[in-house]
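Student: As a plain string of letters, each chain reads:
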Amino acid sequence: MIEELTGKFGNEIQGVEADADIPTLTVDVKGTKNLIAWLKEERGFIFLTDLCGIHYPEQENELGVIYHLHNLTANKRLRIKCFVSKKRPQVDSIVSLFAGANWMERETFDFYGIVFTGHPNLTRILNVEYMDYHPLRKEYPLEDATRTDKDDRFFGR
Amino acid sequence: MSDTNKYNLVEAPEGYSAPGFFATSLDAAVGLARKNSIWPLPFATSCCGIEFMATMGAHYDLGRFGAERLSFSPRQADLLMVMGTIAKKMAPVVQQVYEQMAEPRWVLSVGACASSGGVFDTYSVLQGIDKVVPVDVYVPGCPPRPEQIIEGFMKIQELVGNESLRRRYSPEYKELMKKYGIL
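The listed protein sequences derive, respectively, from chains A and B.
Basically the working numbering = 1-based index in the first sequence + 14.
Basically the working numbering = 1-based index in the second sequence + 1054.
Because the hints were derived from the structure by calculation, they are not lab data.
A portion of the hints provided could be inaccurate.
To be verified - Subject to a maximum C-alpha distance of 30 Å in a straight line, what follows is the list of computed DSS-like cross-link-like pairs (lysine-lysine):
#1 A/K152 to B/K1209
#2 A/K164 to B/K1060
#3 A/K90 to A/K164
Said to hold, decoys possible - Some but not every residue of chain A turned toward chain B, in silico, with C-beta under 8 Å:
#4 K47
#5 N48
#6 V129
#7 P149
#8 L156
#9 D158
#10 K164
#11 D166
Said to hold, decoys possible - Pulled a few chain A residues facing chain B out of the computed Cβ check, cut under 7 Å:
#12 V142
#13 E157
#14 R161
Remember, predicted model here, so these are calculated numbers, not experimental data.
For every residue, glycine included, the Cβ atom is placed at its ideal position computed from N, Cα and C.
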C-alpha cells in the first residue's frame, strides 16, 4: 500500500518509515489534506485516531502536525506527519473530512500555535483565554512563570 | 437501657448555671451550635476527593462531627472544602462558588495541590487557592489521610466556635475581602 501511495502522491511524500511501529509518511503540508481525503474515501481510513502537534527545534521546519488514521475493516493504521516553519505555521484544516478533528485542531493551536485554515472556531480550548503564548513549544519552561515564592536554589533552577 | 455516659456529648461552654437557667455569652452559644453542625461543600477535584469520600464513609465518618449533610449548592453550605488540583481555568469558578456562599463561611484547603499547587508547578495549575479565595485552614498531604482531613476539620471547628459574631463586619475582614476582589 505504501508503494501505491508513493506512486500516486509521490511528489508530496517526503519520507517513508515502513518499519516503524506503524507505517509513517512524512508529507509536504500542501498535499496533506488531499492525501487524507483520498485515504478516507478510496482506501477506507475512516477513523481519525489522533491529531496532535509537535515541536522539534533542531529541524528547519520546527512545528509539525501528526495524524493517526485507522482502517477499521482491514485493521490497518497509518501515521502522517507534516512539518511547517514557525514563521508561517499554517495547515489546512481537516474538519470537513473528520468532525472529530475540530477540538483536536483547537488543542494543537492552543499548545503549539499552528493555525488551521478553514477551521470554524480556532480559539484556545484547554488553557485560559488570556494566555498569550503557546506553552508546549520548547522555548517555554514548564514551570509557572508568575510564581514568586519558590526559591530557585532549592529546585535546581 | 444503654449507658449514656459512654457517649461523648458536646461540652457546654463556660457560663454561670443555677437551677433553672444557664447563662453564657451569645458568642459562645452560637459558636457551639455552629461548630457542631457545619455543612460542608465538597469541592472535590482529584485524588484528595477520593480521600474525602473515605472520610465520609463509615470507617472515618465525618458525620460524627455534624457534617452529615453535604451540600453541593454554595447557598446552603458553611464550609468550602477544596480538595484537589485547581487549574487556572477553574480559578474563577472557585471564586464564584465562594462568593455565592452566605456568611459565615469558611474555607478548608485539603491537599498539596489546593494549598500551593503541589507537585504541579506548571503553566496551567493554580499555585494555591489562596490566590483566589481566603483560606482558613490548610491540610497538607498528597493526599492527606482521612485522619488528617478530620484534624483539619476539627481546627475549623475550633475557629468556628471561637469566632466573634462581629468578625464579618470588622474593617480587617472587609480589607481581606477587598484584597481578593470579593465584594
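Student: Which hint numbers doesn't this structure obey?
Tutor: 1, 2, 3, 4, 5, 6 and 11
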